[in-house]
Each structure stands twice: as structure tokens, then as C-alpha cells.
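Protein chains: 2
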Amino acid sequence: MKIRICDLGKHVGETVTLKGWLFNKRKSGKVQFLMFRDGSGLLQCIVFKGNVSEEVFEEAKALTQESSFEVTGLVKEEPRAFGGFELDVTNVKTISKAEEFPITPKEHGVEFLIDQRHLWLRSKKQWALMRVRHRIVKAVRDFFDERDFTLMDSPIITPNACEGTSTLFETPYFDLGSAYLTQSGQLYAEASAMAHGKVYTFGPTFRAEKSKTRRHLTEFWMVEPEMAFYDLNDDMDLAEEFLEYIVQSVLKDKKQELEILERDISKLEKVKRPFPRISYDQAVEILKENGVDFKWGDDFGAEDETIISSRYDAPVLVHRYPSEIKAFYMKRDPENPKVALAVDVLAPEGYGEIIGGSQREDDLELLLGRIKEHDLPQEFFEWYLDLRRYGSVPHSGFGLGIERTVAWISGIKHIRETIPFPRMIYRNTP
Amino acid sequence: MKIRICDLGKHVGETVTLKGWLFNKRKSGKVQFLMFRDGSGLLQCIVFKGNVSEEVFEEAKALTQESSFEVTGLVKEEPRAFGGFELDVTNVKTISKAEEFPITPKEHGVEFLIDQRHLWLRSKKQWALMRVRHRIVKAVRDFFDERDFTLMDSPIITPNACEGTSTLFETPYFDLGSAYLTQSGQLYAEASAMAHGKVYTFGPTFRAEKSKTRRHLTEFWMVEPEMAFYDLNDDMDLAEEFLEYIVQSVLKDKKQELEILERDISKLEKVKRPFPRISYDQAVEILKENGVDFKWGDDFGAEDETIISSRYDAPVLVHRYPSEIKAFYMKRDPENPKVALAVDVLAPEGYGEIIGGSQREDDLELLLGRIKEHDLPQEFFEWYLDLRRYGSVPHSGFGLGIERTVAWISGIKHIRETIPFPRMIYRNTP
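Taken in sequence, the protein lines are chains A and B.
Its first residue numbered 36, the first sequence is counted upward by one per residue in the numbering used here.
Its first residue numbered 36, the second sequence is counted upward by one per residue in the numbering used here.
Don't read these hints as lab results, they were simulated from the structure.
Treat the numbers as computed from the prediction; the structure is a model and nothing was measured.
Some hints here could point you the wrong way.
Which copy? The list can't say, so a pair holds if one copy fits it or any two copies do.
As the list claims (entries may be wrong) - Derived BS3-like pairs (lysine-lysine); straight-line CA-CA distance at most 30 Å: (1) Lys37 with Lys307; (2) Lys160 with Lys173; (3) Lys287 with Lys173; (4) Lys141 with Lys290; (5) Lys173 with Lys37.
Model the full structure from these sequences, guided by the hints.
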């Protein structure tokens with residue numbers, strides 16, 4: 036049985052051996068304080084000159100930052116220590132002495148750190164971030180699994196473009212010409228929802244956009260639930276419950292990580308239903324009240340989103356956008372065909388859009404007309420149109436971007452730190 | 036509250052309304068039996084002429100296969116019925132009448148069915164398969180989450196090739212030249228394991244192989260755990276526990292689906308630890324005993340795998356392959372450098388390799404030598420080599436292919452049915 040730092044609660048008063056790396060150390064006369072990490076946590080290991088042989092004391096002294104070693108000692112409860120435990124060391128055995136580690140406690144530029152991403156991941160903040168990310172992904176899946184959704188992975192390689200070809204990654208596909216990396220699994224999720232009622236697809240999506248903002252990655256993960264017999268209101272109810280569930284799951288299980296990230300937890304505690312819901316029209320009013328020269332029919336920019344969301348503590352649902360700026364498959368509002376039954380959810384604190392969704396057009400003729408209006412090649416959409424030919428039903432869904440959600444919940448400014456190995460227009464390494 | 040077929044146990048004796056599609060129907064004088072599906076299950080709905088108005092009886096009669104409708108009736112327990120319940124119908128309301136559905140109960144060719152994949156998913160067998168797939172994916176994640184692994188998604192877009200460039204999908208990447216779709220997240224998982232100790236990466240992987248066999252897809256999902264301080268034996272122990280966990284989870288929760296798939300459950304019940312473990316040398320002996328003209332040093336073909344695995348009821352772990360046929364990053368056996376500390380797991384019943392894994396080379400100099408031997412561009416691997424420069428530790432991992440696992444557990448011959456929208460060399464639609 037391998038014991039890790041996260042198991043120490045079960046071993047207080049016992050002598051245990053752990054394997055890991057030297058995070059950092061300090062020395063004070065006859066005592067060395069080794070900050071030890073093993074991936075599951077951090078542990079202060081105390082090497083008293085009087086408790087160990089001369090050789091062991093020297094072995095500990097020779098450990099460089101990030102050297103791997105085995106440490107044996109007595110587990111003690113210590114509420115003041117990070118993690119709540121300390122180790123009274125009786126033995127130290129070096130596994131591999133590290134060369135001079137490029138990332139030191141001093142400040143480094145972000146470009147340098149991303150070049151060293153494979154090593155940067157070992158730093159305290161990045162470690163905490165990845166654990167929050169994992170908890171978010173788990174919450175996403177648990178939420179849908181508990182509610183009887185079926186996971187239906189959409190394909191990554193697709194023959195056509197859902198929202199235009201200019202922002203697509205293209206790859207030759209044997210004798211079939213070009214194929215493209217998916218931007219969204221939604222159309223496939225719709226087909227799946229007709230088979231399973233409630234489904235979700237969850238995988239990487241790609242945008243070859245030349246955006247250099249702190250909100251954009253070329254490769255990011257997206258979860259997209261799709262539900263038969265859900266209208267826009269049902270869709271908004273689900274999105275709301277979903278976001279509350281994610282935030283509260285992280286709050287409950289990842290307190291230590293949020294502390295490392297210096298996240299203001301009181302802000303997350305306010306993410307409780309009901310969330311505010313406003314129409315696009317009302318959002319435009321808010322912008323005008325704030326002196327923004329905004330024309331009805333335009334889409335919101337990042338700054339507009341910040342102005343709108345800053346009114347609220349919880350995420351705000353903005354619904355019924357002008358149809359002109361929304362995708363062809365969105366259903367028009369029967370009470371006002373100038374707007375689509377769409378909803379975007381804007382995260383608080385300026386984190387921008389984290390969810391985009393809509394009720395889908397379920398009428399064959401209207402959808403056909405929309406495909407023509409948008410000059411889309413109908414033959415590529417025949418299978419999608421079939422969903423309206425064979426037992427069409429009202430249905431809705433949305434997509435949540437994982438990285439933006441991680442950024443928001445963790446309180447991280449730039450999205451590039453929210454994924455293990457970020458891909459941006461100027462970077463596809465390491 | 037929307038009631039679905041899977042919730043009916045809580046509504047026996049109540050009158051409920053459900054929404055879904057007509058799976059099929061039969062008529063017998065004054066009774067119509069509507070087989071109704073809503074994605075969560077199947078339900079026999081009985082329309083007695085005496086119980087409903089003339090209009091309702093006619094409305095039911097006019098429903099075509101796959102028409103969507105709303106049905107109201109009294110929930111009755113009926114152990115002989117599929118799923119255990121029946122509905123005594125009092126009302127039927129058509130939502131959308133389906134055109135003539137292309138997939139009828141008669142036999143269709145597989146090519147035709149895959150062309151209609153978006154509709155084929157609605158068939159009973161495909162529905163059951165996707166639910167088994169979902170349960171497998173959930174078991175995979177639960178297994179690692181319960182054991183304190185951190186999910187660390189590896190990138191899909193990669194700058195270089197892990198196992199040669201001939202089988203890679205290539206895409207232009209802005210001003211950075213060509214990028215490639217990942218074949219394995221392993222190298223990244225190794226970096227992640229040095230930060231988190233125990234990690235897993237789980238996502239789509241790609242092989243542009245011109246293989247037309249029933250075991251190959253160009254896009255498939257793979258889970259790859261990677262563990263610091265695990266040697267080959269630890270790795271094999273984990274793989275064994277993992278496979279048992281997956282199979283027993285499906286057996287426990289997906290009995291109905293396995294029944295639809297006509298799976299011989301007794302075969303799955305035998306998948307209990309300990310599994311047999313044999314060396315490559317022993318496997319070669321088995322082949323020779325079976326009259327196969329096999330040369331030490333060659334890799335096993337599909338037929339060889341079937342011969343070896345047919346000896347056993349459980350998956351068999353074959354370890355210590357000739358280093359020559361294994362990847363550069365695998366550690367040599369210190370007791371016999373001609374073999375690598377690799378393990379493949381062969382599924383029973385001829386399903387072939389479902390797991391490939393190894394202990395990794397953790398010595399910088401040996402790894403450098405291996406990169407040179409294999410004529411790999413060292414500059415692409417500098418970051419990977421860093422993992423041996425800064426606190427190298429013994430570590431191991433493996434990869435499990437989801438689709439082959441679904442095929443095996445479901446008892447499905449061809450892997451193309453195990454993923455919602457399969458991608459093969461001659462197909463990237465729908």
C-alpha cells in the first residue's frame with residue numbers, strides 16, 4: 036500500500052514512508068524544513084539534527100529543488116501547518132537529484148512559464164488550478180449522470196462546418212477530400228437526443244480564430260447537453276441548476292485549492308438560484324443607461340458583457356437575441372420573429388459568456404428556408420433535416436466552455452492557465 | 036416535472052403523461068399495442084377501443100413508425116412486459132407525424148445503416164450499446180476519481196509525432212507550420228504525473244492508418260493513466276483491478292441492455308481477479324504448441340492474439356515484449372535488456388488488445404540514446420527529457436481503448452457500432 040499525503044489523516048502517530056519531490060526548503064541551525072510534495076498535497080518534513088544520523092542530515096541538505104526522494108518519519112497533527120500535518124523525519128533517501136530547476140520562487144514572465152509548462156504545472160498555484168478543473172469536470176458529468184442523461188460523444192472529425200469555414204482547422208482525409216475539426220457537437224447531440232431523450236456530449240472543440248485575447252484558446256473543452264421536449268424556459272432552468280451545482284461542488288470539496296488561488300469565496304457563495312434573467316432588449320437598456328452607444332441588433336462585446344454582468348452577484352441569463360446575429364438552427368420566438376429563442380449566460384466579475392444555448396428550430400420548412408437564407412450547402416445538412424422529417428419534437432440545449440468556467444471559479448485572469456497544455460495562435464508547444 | 040419511462044416505478048397506479056416516439060405497433064381487433072420509446076426505455080402502451088374516444092383511437096391508428104406523440108394513461112406493473120410496466124392509455128396526442136422511416140424491422144445492410152447512423156441510433160440494439168458505452172466511460176472516471184487520480188487532459192493538437200508521422204492527421208497551424216492530431220496523450224500524462232503523482236488523460240485520439248479491419252477506427256477514445264512511483268508490477272495490478280471494476284459495473288447496472296444485446300453474461304461474470312499473467316516468451320510457446328510458425332521478435336497479429344487469449348476466461352496480461360517492437364520510451368528489463376517492461380492485455384473471446392502499457396525509461400542518458408537510435412528529432416523531446424532532468428522517478432502507465440472495450444463487453448463484432456458517429460478511412464459522415 037502506497038501512502039500519499041492525502042491519506043495522512045489515517046496515519047497520525049505512525050511512522051510512514053512517502054515518495055515525492057522537494058518543493059522548497061529552509062534551514063535554521065540544527066533543523067531543516069523540507070517542503071515535500073507528492074502530487075496529492077504538500078507536507079512540511081522536519082529534519083532535526085538530533086533525530087537522524089549525520090549521513091541522513093547531509094542527504095537532506097544535498098537535496099535540490101524538485102529532487103525526488105523517499106522520506107520516512109512520524110506523522111503528527113499540526114493545525115498550523117499547510118494541510119494539517121507534519122512529519123518528524125527519521126530517514127531520507129534521494130531517488131534522483133534534480134539539475135537547477137528553471138522555475139524558482141522569484142517572479143518569471145508568463146511567456147517563459149508557458150515555455151516551461153511541463154514544469155510549471157508543479158507550482159502550487161498551477162497544481163491547485165488543475166485540481167479545481169478536475170472537480171469541475173467531475174461535477175459536470177455527475178450532474179448529467181444523476182439526471183439520466185446519456186453521454187453521446189460527438190465526432191471530432193467532421194465533413195462540414197457548423198458556423199462557417201474561416202475559423203476551421205482543416206485536415207486531408209484519405210480519398211474523401213478535406214475534413215475539419217469540430218467547433219461544436221451540437222448537431223450530432225440533436226440526433227442523439229432523438230434516440231436517448233436527454234444527452235450530453237463532452238469533448239475538445241477547435242476554433243482557428245486569430246483572437247489573441249485572454250478569453251480565447253484554439254483548443255478548448257465544451258460540454259453540450261441536448262434535451263428532447265425542452266423549450267427555452269426548461270433550457271434556462273437546467274443551465275441555472277447546472278451552474279449552481281458546479282460552483283457549490285467546487286466550494287464544498289476544493290476549499291484548500293481555492294485558498295491557494297486566493298479566491299474570494301464569498302463571491303462564489305452567492306452563486307445560488309434563482310439567477311437574474313433579462314432579455315436582450317433589457318440588456319441593451321442597461322448599456323444605454325451606462326452611456327454605451329449601442330445599436331439594437333449588434334452583438335455584445337467583452338466590455339458590454341462586463342457592464343451587464345457587473346449588475347449582478349450571480350451569473351445572468353440574457354435571452355431572446357436578434358435572430359440576425361444567431362445561428363441558423365435557432366428557433367424564432369413565435370411572439371416576435373425578430374428574436375431567436377436563444378440564451379447566453381454571462382459569468383459575474385467580468386468573466387464573460389460561459390454558456391450559449393437555444394431552443395432549436397423543429398419545423399422542417401422553416402429550417403430549410405433558414406439554410407437557404409444562410410447560403411449553406413443543403414446536401415451537408417440532409418441528415419440533420421431528417422431529424423425534422425422523422426418525429427420532430429421541440430428541443431433545446433446549450434454549451435458550456437470548461438476553460439472559461441475554470442477561470443471564473445478559480446478567479447484566474449487568463450484562460451491559458453486553465454488547461455494543462457494550452458493551444459493559442461502563436462503556440463502549440465510543449 | 037417531466038416523467039420518463041425510467042421513472043415509472045414511482046408512479047404505479049397513477050395516471051401520467053409521457054412524451055416520445057412510436058417504436059412500433061401491432062393491432063389485434065379492438066386493441067392497439069403501441070411500443071413507445073422516450074430515450075430512457077421502452078413501454079408497451081395499450082389502447083383499448085372501449086377506454087378511449089373514437090378520435091383518440093383513430094389518432095393512435097394514424098401514428099407511423101417514429102412519429103412523436105404524447106401519451107396519457109394509467110401505469111400498471113406487468114412483470115412480463117419489457118421494462119416491467121404497461122400503460123393503459125386514455126389519451127394520445129400526435130406531436131409530429133413521421134414520413135416513412137427508412138429503417139424498418141427487416142434486415143438492412145450495414146453500409147445502409149451507417150449512412151443512416153443519425154436514425155439508426157434509435158434502434159433497440161444501438162440504443163443499448165450507447166448506454167453500455169456510457170456506463171463504461173463512467174466506470175473509467177469513477178475508478179480513477181475514487182483513487183485520487185487527477186484528470187489532466189492532454190492536448191489534441193500536437194507539434195510532433197509520438198510514433199512516427201505516416202499515420203498522422205495533419206493540419207496547418209497559423210504561422211507555425213504543420214500540427215498533428217494526437218495519437219496518445221502519454222508523454223503529456225508523464226509530465227502531469229510529475230506534478231500530481233497519479234493522473235489520467237481521457238480524450239479522442241487519431242490514427243490515419245489505412246486499416247480496414249473491424250478493430251480499427253480513425254478516431255477513437257482512449258484513457259491513459261500514468262503513475263509516479265509505479266513499476267511494471269504495480270501497473271499490471273492497477274490494469275487488472277481497473278478491468279474488473281469496469282466489467283462488474285456494467286454487469287451490475289446494465290443487465291437490461293446486455294439482454295437486448297444478447298450478451299452471454301456468464302462470460303463476463305468470470306472476469307474476476309487474479310487474471311492470468313504470462314511473458315511474451317510463454318505466449319510464443321502457446322503459439323508454437325498450436326502449430327503457428329512464429330519467430331521470436333515478431334509482434335502478434337490478430338489471429339495470434341485470439342489463439343493466446345482463447346486459453347483463458349479472463350483477460351490475459353502478456354508482459355516483457357522484445358524491446359525492438361516496442362516504443363522508445365519503454366524501460367528495458369534490467370534482468371534482460373532484450374525485452375521491454377511492457378504489458379499488453381488481451382481481452383477474451385478474440386477481442387484482441389484492449390490495453391497497452393509499460394514502465395517508462397526514467398534514466399536521462401538511456402532515453403537520449405534511445406531517441407538517437409530511433410532517429411527522432413531530439414529538439415522536439417527536450418521538454419520530455421526535462422522530466423528526467425528534474426527529479427526523475429520510476430513511473431508507469433497504460434492506455435485503454437474505449438471502443439474495443441465496449442465491443443468486448445457488449446459482445447459486438449465490429450467496432451464501428453461502439454461509437455455514436457464512427458470515422459473510418461472511407462467514411463467521415465454523417
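### Task
Check each numbered hint from earlier against the structure, then list the numbers of those it violates in ascending order.
Going through the list in order, the structure violates no hint and respects every one.
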